[in-house]
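Undergrad: So the protein lines, in turn, are chains A and B.
Numbering follows our numbering, with no gaps: position 405 of the first sequence is 418.
Numbering follows our numbering, with no gaps: position 132 of the second sequence is 145.
Do not take every clue at face value.
Which copy is meant is left open, because identical chains are indistinguishable; a pair holds if it fits in one copy or across any two.
Cross-link-like lysine-lysine pairs, in silico, BS3-like; alpha carbons within 25 Å at most [said to hold, decoys possible]:
#, residue 1, residue 2
1, K257, K412
2, K358, K273
3, K294, K343
4, K303, K177
5, K368, K133
6, K391, K144
7, K258, K294
8, K53, K412
9, K273, K481
10, K273, K343
11, K412, K42
12, K343, K303
13, K232, K89
No lab work stands behind these hints, which were simulated from the structure alone.
Number of protein chains: 2
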Amino acid sequence: MECEVSESEKSVMELFFEPRTVAVIGSLKEGYFGGYVVIKTLLNAGFGGKIYPVNPSYQKVLGLKVYPSIKEIPEKIDLVLIMINRRSVPDVMRECAEKGIKAVIVVADGFAERDEEGAKLQNEILEIARKAGIRMIGPNTAGIVNSANGLTPNPYEPGYEKVKSGAVAICAQTGMINPQAFPYADLHYGLSKICDFGNKCDVDECDLLEYLEGDPATKVITMYLESIRDGRRFLKMSRRVAAKKPVLILKSGRTKEGAKVSASHTGALAVDDEIFSAACKQAGIIRLEKFHELFELPKIFLQPLPKGNRLGIVTLTGAVGVLAIDEGAKYGLSAAQLSPETIEKLNAIFPGLGKSVVDIGPPMAVGSYIAIYPDILKTVLADDNVDCLLNIIWTSPFKEFVEEYLRFYEKLRGNYQTTIATWIYGPSVSLINEMSGRMEDLGFPVFSDVETAIKALGIAYQYSIRKKGEK
Amino acid sequence: MECEVSESEKSVMELFFEPRTVAVIGSLKEGYFGGYVVIKTLLNAGFGGKIYPVNPSYQKVLGLKVYPSIKEIPEKIDLVLIMINRRSVPDVMRECAEKGIKAVIVVADGFAERDEEGAKLQNEILEIARKAGIRMIGPNTAGIVNSANGLTPNPYEPGYEKVKSGAVAICAQTGMINPQAFPYADLHYGLSKICDFGNKCDVDECDLLEYLEGDPATKVITMYLESIRDGRRFLKMSRRVAAKKPVLILKSGRTKEGAKVSASHTGALAVDDEIFSAACKQAGIIRLEKFHELFELPKIFLQPLPKGNRLGIVTLTGAVGVLAIDEGAKYGLSAAQLSPETIEKLNAIFPGLGKSVVDIGPPMAVGSYIAIYPDILKTVLADDNVDCLLNIIWTSPFKEFVEEYLRFYEKLRGNYQTTIATWIYGPSVSLINEMSGRMEDLGFPVFSDVETAIKALGIAYQYSIRKKGEK
């Protein structure tokens with residue numbers, strides 16, 4: 014397969030994410046899984062296109078007319094979802110071909126990931142699709158999301174209405190990124206597109222990279238992969254895309270044992286891990302290490318990139334400041350040497366404050382803390398020697414403290430150039446959660462632990478170098 | 014200083030944690046910090062000993078008689094807390110010496126961590142203490158906790174009444190482990206003792222290791238250190254203690270830059286990191302890498318140790334199963350080869366279930382999931398080839414699912430031999446949190462991410478080898 018896809022294929026990717034008409038072929042029984050859930054979820058999310066349920070045993074579902082087969086639908090169908098017994102999929106795929114369908118998501122499982130019969134069936138449907146010029150996502154996929162148009166054809170009950178709309182796209186070889194598995198309604202940053210490749214026998218990481226490269230809603234791309242379908246195409250494509258947008262990838266199957274298990278999970282062959290690492294380096298991909306990073310790290314890129322590696326730290330705990338310096342060194346970050354003016358200003362606010370790690374623990378003990386906090390933070394942010402800032406906040410057990418912080422951050426919003434990563438700790442889980450959410454709503458990304466906050470700044474710095482190299 | 018401490022010193026450590034009488038010397042003004050908070054917190058936590066507030070400007074506080082100086086208190090005082098201006102500390106320390114006090118916590122800051130004057134003052138109070146046979150924690154400390162007797166003399170307002178009582182002791186060179194900084198009321202496992210060493214000019218990690226070695230309430234010891242006061246004593250002591258109880262240590266100042274900052278934070282000299290690593294290996298200490306691990310990892314030791322390295326995985330997501338195999342390899346864990354009987358049983362429950370990673374995703378799609386889940390988990394737990402289990406649970410967005418799970422875990426409680434680490438994910442943050450808490454209350458530790466869950470099993474396995482080596 015060539016790296017550049019033709020114009021007609023490009024528009025097929027648009028059929029997946031911006032269909033005007035969607036046919037849902039599957040069970041319409043009420044429950045936690047199936048076509049009924051897909052239709053309910055589409056309706057709840059306010060999907061603007063037309064929905065055509067297909068099932069020979071029903072007349073109507075959720076107020077919509079049900080068609081006995083895809084062929085009976087009088088209109089042109091942009092996207093078809095198939096969630097039926099695996100043995101029936103080839104026939105339905107042939108009907109799709111006859112009707113001139115170009116985009117199909119095969120949610121049904123039991124293919125190459127299960128047994129030999131499944132592998133044969135997978136080859137059969139792939140052959141039908143190829144001959145008919147159908148592009149296919151799956152099989153064995155939880156599907157896709159486009160948050161902008163309410164296209165959330167989720168086959169499992171997500172329990173909430175909408176995926177918050179935003180600039181991060183997430184793709185994976187697992188349904189772990191789909192709405193039923195992740196609390197996207199509780200996120201305080203938004204997503205643009207979601208895609209579970211499933212067994213990835215046709216549409217793959219390269220197709221999505223190319224589509225997302227040109228997707229104006231997507232500013233950051235994050236992926237979980239167990240295998241790469243076409244190494245050369247991937248290298249070429251990811252290099253091109255990473256030059257424009259940060260591409261973050263978590264890849265499993267790093268060890269032999271992991272790779273073996275991976276093969277039995279999606280039926281895919283794992284790529285040698287060292288080759289993949291080298292490819293990431295060449296292409297400028299940011300390689301992730303932990304599952305939660307898929308969801309946490311992209312948001313750092315919703316801020317401007319740091320201009321250099323000089324890390325400022327404002328903290329209520331000196332100890333964690335020390336840990337952060339250690340951790341930052343892993344990513345090439347170095348403790349910022351504050352300017353003489355900054356040091357003087359800080360020492361005037363409280364004696365001894367003007368150090369590389371601005372430790373506001375001592376002023377807290379004398380009680381004047383919350384009154385001087387805004388000045389301290391603004392002084393450090395104004396220093397040209399500080400490229401990025403680790404902001405460690407302690408929330409007291411009192412809500413009025415939180416409100417004071419937030420009034421300050423509301424004013425600060427937009428009035429600084431520095432890349433900021435925040436970590437909040439304190440004696441009340443509910444206040445930490447509330448403050449974190451409200452800080453993020455104000456555009457200050459908050460991380461679940463201090464090491465992840467530092468890593469966010471570290472990868473932002475590393476990506477800034479890559480971008481400079483491009484120029 | 015010798016490794017073995019004398020009997021009289023041992024009982025001094027008991028004065029710190031089990032005092033019958035406590036004098037609190039400091040400001041009694043209502044606020045977020047100071048002697049007033051200490052007394053309020055002691056009273057809230059139900060401290061059973063007698064409390065003597067000391068302040069020349071007050072007659073009564075919170076219903077207690079206030080004494081103008083420590084000398085005026087008619088009774089013998091076991092423990093003194095000092096939280097006054099640094100320049101006044103030497104005089105008060107002399108009064109303590111005159112009164113025959115043996116245990117003092119100097120909460121006051123501005124000593125070696127601040128400037129030269131502070132360093133001199135620190136030497137002065139240390140000299141007074143040494144001459145008088147006073148043991149001192151601090152200066153610059155947020156103090157200690159003994160959850161069993163309500164001894165929570167916290168100088169900062171914690172916002173909750175009690176630290177939950179349990180078997181984990183936590184010590185650190187930072188107040189980040191004290192009640193005002195960490196939500197100990199929200200924890201679902203309990204703590205035995207807390208100690209912030211502060212500038213650690215007298216009582217140090219070795220004193221605490223020795224005390225906690227003999228403390229029947231403490232089953233696991235976790236520490237954050239920036240420096241080691243006496244390397245040889247530490248090595249000898251930690252080897253002895255780690256043979257009895259797991260000792261987990263996070264040490265910062267790993268890099269040169271970090272060590273420099275550390276010196277200006279508590280005034281302590283950092284130890285060479287490689288020497289420390291070697292010492293950990295020799296002594297059998299478990300070395301931590303991230304701050305949150307201090308609070309998350311100890312709880313794995315509240316279960317029996319795994320008998321070997323064979324890792325079973327029951328998961329609703331194959332992808333994370335693969336990640337877990339990769340991650341487990343870091344700690345010497347290897348995917349368990351299930352016995353033929355187990356494989357047969359699992360395949361009878363659902364076709365294809367009987368693999369190294371028991372992936373219950375496919376049965377979920379057919380809807381029978383929650384009905385067959387208990388049998389699947391019990392079957393894997395009953396397999397002698399499984400030494401430890403990574404238990405990945407998906408909570409649906411429906412509370413009745415959570416209740417079904419919990420009914421099963423309530424029955425399972427105590428009826429298995431395997432070390433279990435659980436990770437819960439799903440579309441609802443509040444349900445995840447509720448289920449996590451209730452699982453932990455039932456004795457199944459739940460971890461914040463899958464890599465931490467695997468690490469917990471990994472360090473439990475590694476400690477089991479160390480214990481076997483001891484025999």
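Undergrad: If a hint holds in the structure, say so; if it does not, say that too.
TA: Against the structure, the hints come out as follows:
no.	hint	result
1	K257 - K412	neither (42 Å within a copy, 43 Å between copies)
2	K358 - K273	between (59 Å within a copy, 23 Å between copies)
3	K294 - K343	both (16 Å within a copy, 23 Å between copies)
4	K303 - K177	within (23 Å within a copy, 31 Å between copies)
5	K368 - K133	between (66 Å within a copy, 21 Å between copies)
6	K391 - K144	neither (62 Å within a copy, 47 Å between copies)
7	K258 - K294	within (15 Å within a copy, 43 Å between copies)
8	K53 - K412	between (39 Å within a copy, 20 Å between copies)
9	K273 - K481	neither (39 Å within a copy, 31 Å between copies)
10	K273 - K343	between (31 Å within a copy, 17 Å between copies)
11	K412 - K42	between (47 Å within a copy, 21 Å between copies)
12	K343 - K303	both (16 Å within a copy, 13 Å between copies)
13	K232 - K89	neither (32 Å within a copy, 68 Å between copies)
Violation of the numbered hints given earlier is confined to hints 1, 6, 9, 13; the remaining hints are satisfied by the structure.
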